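Participant: Protein chains in written order, with my numbering: chain C, 247 to 714; chain B, 247 to 714.
Don't read these hints as lab results, they were simulated from the structure.
Model, not experiment: these values are computed from the prediction.
Take these hints with a grain of salt, some might be off.
What follows is a list of derived Cβ distance ranges for each label pair [unchecked claim]:
1) C:Arg-691 with B:Ala-342: 54 to 62 Å
2) B:Lys-468 with C:His-267: 54 to 62 Å
3) B:Ile-560 with C:Gly-376: 21 to 29 Å
4) B:Arg-261 with C:Ala-655: 40 to 48 Å
5) C:Asp-635 with B:Ala-342: 41 to 49 Å
All C-beta atoms, glycine included, are put in the ideal place defined by N, C-alpha and C.
2 protein chains.
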Amino acid sequence: MPYSKLTESHLNELRGLVGEHCMLLGPQITEDYQRDELAEELFCPEAVVIPESTEQVSQLLQWASTHGVPVTTRGSGTGLCGGSVAVVGGIVLSTARLNKILEVDEQNLMAVVQPGVLLMEFQKHVEDLGLFYPPDPGEKTATLGGNVSTNAGGMRAVKYGVTRDYVIGLEAVLADGTIIETGGKVVKNSSGYSLNHLLVGAEGTLAVITKITLKLLPKPEKQISLLVPFPSLTAAIETVPKILAAKIIPTAIEFLQREVLEAAEKYLGRRFPDSSAPAYLLLTFYGQNVVELEGVYEKTAHVCLEAGAVDVLIANSPDRQETLWQTRGAFLEALKAMSALEEVDVVVPPSAIAEFVQFTKELEKELDVRILSFGHAGDGNLHVYILQDDLTKDEWRRRAHQAMDAMYARARTLRGQVSGEHGIGYAKSPYLQNSLGSIQMQLMRGIKQTFDPKGILNPGKIWRENVN
Amino acid sequence: MPYSKLTESHLNELRGLVGEHCMLLGPQITEDYQRDELAEELFCPEAVVIPESTEQVSQLLQWASTHGVPVTTRGSGTGLCGGSVAVVGGIVLSTARLNKILEVDEQNLMAVVQPGVLLMEFQKHVEDLGLFYPPDPGEKTATLGGNVSTNAGGMRAVKYGVTRDYVIGLEAVLADGTIIETGGKVVKNSSGYSLNHLLVGAEGTLAVITKITLKLLPKPEKQISLLVPFPSLTAAIETVPKILAAKIIPTAIEFLQREVLEAAEKYLGRRFPDSSAPAYLLLTFYGQNVVELEGVYEKTAHVCLEAGAVDVLIANSPDRQETLWQTRGAFLEALKAMSALEEVDVVVPPSAIAEFVQFTKELEKELDVRILSFGHAGDGNLHVYILQDDLTKDEWRRRAHQAMDAMYARARTLRGQVSGEHGIGYAKSPYLQNSLGSIQMQLMRGIKQTFDPKGILNPGKIWRENVN
Numbered sequence: 247m248p249y250s251k252l253t254e255s256h257l258n259e260l261r262g263l264v265g266e267h268c269m270l271l272g273p274q275i276t277e278d279y280q281r282d283e284l285a286e287e288l289f290c291p292e293a294v295v296i297p298e299s300t301e302q303v304s305q306l307l308q309w310a311s312t313h314g315v316p317v318t319t320r321g322s323g324t325g326l327c328g329g330s331v332a333v334v335g336g337i338v339l340s341t342a343r344l345n346k347i348l349e350v351d352e353q354n355l356m357a358v359v360q361p362g363v364l365l366m367e368f369q370k371h372v373e374d375l376g377l378f379y380p381p382d383p384g385e386k387t388a389t390l391g392g393n394v395s396t397n398a399g400g401m402r403a404v405k406y407g408v409t410r411d412y413v414i415g416l417e418a419v420l421a422d423g424t425i426i427e428t429g430g431k432v433v434k435n436s437s438g439y440s441l442n443h444l445l446v447g448a449e450g451t452l453a454v455i456t457k458i459t460l461k462l463l464p465k466p467e468k469q470i471s472l473l474v475p476f477p478s479l480t481a482a483i484e485t486v487p488k489i490l491a492a493k494i495i496p497t498a499i500e501f502l503q504r505e506v507l508e509a510a511e512k513y514l515g516r517r518f519p520d521s522s523a524p525a526y527l528l529l530t531f532y533g534q535n536v537v538e539l540e541g542v543y544e545k546t547a548h549v550c551l552e553a554g555a556v557d558v559l560i561a562n563s564p565d566r567q568e569t570l571w572q573t574r575g576a577f578l579e580a581l582k583a584m585s586a587l588e589e590v591d592v593v594v595p596p597s598a599i600a601e602f603v604q605f606t607k608e609l610e611k612e613l614d615v616r617i618l619s620f621g622h623a624g625d626g627n628l629h630v631y632i633l634q635d636d637l638t639k640d641e642w643r644r645r646a647h648q649a650m651d652a653m654y655a656r657a658r659t660l661r662g663q664v665s666g667e668h669g670i671g672y673a674k675s676p677y678l679q680n681s682l683g684s685i686q687m688q689l690m691r692g693i694k695q696t697f698d699p700k701g702i703l704n705p706g707k708i709w710r711e712n713v714n
Numbered sequence: 247m248p249y250s251k252l253t254e255s256h257l258n259e260l261r262g263l264v265g266e267h268c269m270l271l272g273p274q275i276t277e278d279y280q281r282d283e284l285a286e287e288l289f290c291p292e293a294v295v296i297p298e299s300t301e302q303v304s305q306l307l308q309w310a311s312t313h314g315v316p317v318t319t320r321g322s323g324t325g326l327c328g329g330s331v332a333v334v335g336g337i338v339l340s341t342a343r344l345n346k347i348l349e350v351d352e353q354n355l356m357a358v359v360q361p362g363v364l365l366m367e368f369q370k371h372v373e374d375l376g377l378f379y380p381p382d383p384g385e386k387t388a389t390l391g392g393n394v395s396t397n398a399g400g401m402r403a404v405k406y407g408v409t410r411d412y413v414i415g416l417e418a419v420l421a422d423g424t425i426i427e428t429g430g431k432v433v434k435n436s437s438g439y440s441l442n443h444l445l446v447g448a449e450g451t452l453a454v455i456t457k458i459t460l461k462l463l464p465k466p467e468k469q470i471s472l473l474v475p476f477p478s479l480t481a482a483i484e485t486v487p488k489i490l491a492a493k494i495i496p497t498a499i500e501f502l503q504r505e506v507l508e509a510a511e512k513y514l515g516r517r518f519p520d521s522s523a524p525a526y527l528l529l530t531f532y533g534q535n536v537v538e539l540e541g542v543y544e545k546t547a548h549v550c551l552e553a554g555a556v557d558v559l560i561a562n563s564p565d566r567q568e569t570l571w572q573t574r575g576a577f578l579e580a581l582k583a584m585s586a587l588e589e590v591d592v593v594v595p596p597s598a599i600a601e602f603v604q605f606t607k608e609l610e611k612e613l614d615v616r617i618l619s620f621g622h623a624g625d626g627n628l629h630v631y632i633l634q635d636d637l638t639k640d641e642w643r644r645r646a647h648q649a650m651d652a653m654y655a656r657a658r659t660l661r662g663q664v665s666g667e668h669g670i671g672y673a674k675s676p677y678l679q680n681s682l683g684s685i686q687m688q689l690m691r692g693i694k695q696t697f698d699p700k701g702i703l704n705p706g707k708i709w710r711e712n713v714n
């Protein structure tokens, strides 16, 4: 379907709807609005609109629907799959001014927020009240709207689950401008198809989310981390299912390999507390009291040592823990500083991670391209990076795509999925299609058609067929 | 759309597909297959088919699709909204022989089951392995397929969530016989629209679920219950948000009123440990050790006494706890033994329960019909019963429908929903429509159309328009 390009008269109408101060045009549209953190290519929208209310979003979509103008919703632009870039032009709808924490309901342990609230702001706000928002994606400057739209996961998913598990209600604007509310301030709901869960992870292709009701927990009082060196990466990762089989659920289990660790040390300009081993598991435990935690981490240490760990280092002060987790948190930036990257965000059963990482090591040799990985060993979500280093762009892309095809195919045979937490955007859409097959893609297409018959919402994402 | 009636030649084709031993016809179709526990009316299917494999389900649906024959999937028939009865005739597909626990994966804390496995069988099976399936709907003879299709909740939802939160993968057969797999053995997933979450709670109207992958937890080692008498029902219920606001998350918080308690004592033929008070909160706490639990229940006792509780009785032996919870578990049967009932299963924010129960008391007076309630105070899910007692059927129905209209309207203004855990079936469909409004019903209709264009799967549920 051909989309309309914005004319001067269109722009005047838009000014009438939202006011000139809520629009960016021409040179005001900086590079930031033309890409996300994937940053493969720039796509310049014809206008950026920054609405200040649900009503403005509604008016904007009603207008866009009438005129066949595509609308791509964007939070902080921290995505890694191009989900929030305007690949066919049209309007970028920025949620930057829909950024209020509307309510923290301490009686029900719930909060209501606008989509442009930053994850880090919200986490701090509720923690200051003794409450806790468990989802903890690595990118703290992401917006909650973006987190909901990609069903972002993060490190604490082992114990606490992902964003989806905390979204109990949404206000959203449909493509034609109609405002709907799904779910509510309810923690149980069996009232028809879950439109709420359909909008979570839909990457802005079904509706524009304008309000989010989130479930909260009491803030855990105590926290302890373990850094466990292993003689090999395989030995480290193979320990993870043993921990789970010992009926221990840590808050997070990450695996680190020396090569990535060294990159992070260089990037941060400081040393990691231990660098004697080729690989580590980094675990954290949250709880309400020390006694509870002691029992669990002692049991974990025992399992790790039985599985061949060289040592178990305990970090129980906030400072020591922060050093460990800050280093882990810098991995992506550290790799980016070294080389251009192609990223894979597969998720497989935790027991299959060792096999999967081994497979990437074989691919590395076979295709002669550097492949590094780190990730959420406890929940099976791996981040695998294929580095350009000194390859030509074309050659690197060729090898990277071979590697990616092979990895997604292997993930599928392990009953895994294309994306654990980053979403599909435009970058992963061919892989999604291969993974799910045409029947499921058709079902999704039918859903899209139901919500957005003119295809104006974030075209070119999840599928590519609407891209010109 | 008119559906085809089964002819003798149809039945012969069905025999060829699944074998005569997998079919019930004519007088073999006992009353059990003509109703669920709502039991308002009998609907006799033309045939009951009891397939033994996913392939048979696939062949059956392909056949039914070709011939325009409706198929209603049924587990144990323990539903309370008529969700599994064949309101337009056709075939009842019983999952009774798809009843295998296929795998308990201790390394990943996951299990794979067929839909006909009973909840109580599965709970026991995993507990014997030191594992734990948290959802705990009251009806233990329900099937897991039924639990998934209604997104059943239960008492432990306060702490552990509902069935949906544990369903990570499904195998399902579409209306045309195509077999799909959604999700997988993955605890994180951001790979396109969540068809998995769409099938959960869809009451068999979108596909027939043939395999379920469930997340498990380690079995909690310790358990303690508190029975807390209050001077009034309002005082009891108003304490619940205070417990949550004190940052305590019990595993379950139920409220009991004397009139219901007395009915249960009579029904069970034994006395409840305490019957001095007009109302009680019954709480339970699960944990890994006694120290952890002691801290929490002492804090809870303090909050309850501050809020006006008469006493706090601790039950820490398995026997004493069983007595308490068995009595609670008998409430529905006890009320049924007293009178015919109309049931409401609304869910509201926990802080609004006191107001809602007060409202039912006013309705009781205003409409001169006995209204009793009990339920999950901690998660806001109430079960309200309108009793026939000695009213004529017509008069009772009239008053009950007035009461229900008023209650659903009030739930809506409190940001609640029509059903917390029982689903919609045919009995609640008009209320769902009122609650969600035509836009959301149209979206759901579009989804239904995408999955089941001929409308053969469980017609007359969620909507009524397909009923002849």
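Participant: Take the hints in turn and mark each one as holding or not.
Facilitator: Status of the hints after comparison with the structure:
no. : hint                                 : result
1   : C:Arg-691 with B:Ala-342: 54 to 62 Å : violated (35 Å)
2   : B:Lys-468 with C:His-267: 54 to 62 Å : holds (59 Å)
3   : B:Ile-560 with C:Gly-376: 21 to 29 Å : holds (26 Å)
4   : B:Arg-261 with C:Ala-655: 40 to 48 Å : holds (42 Å)
5   : C:Asp-635 with B:Ala-342: 41 to 49 Å : violated (60 Å)
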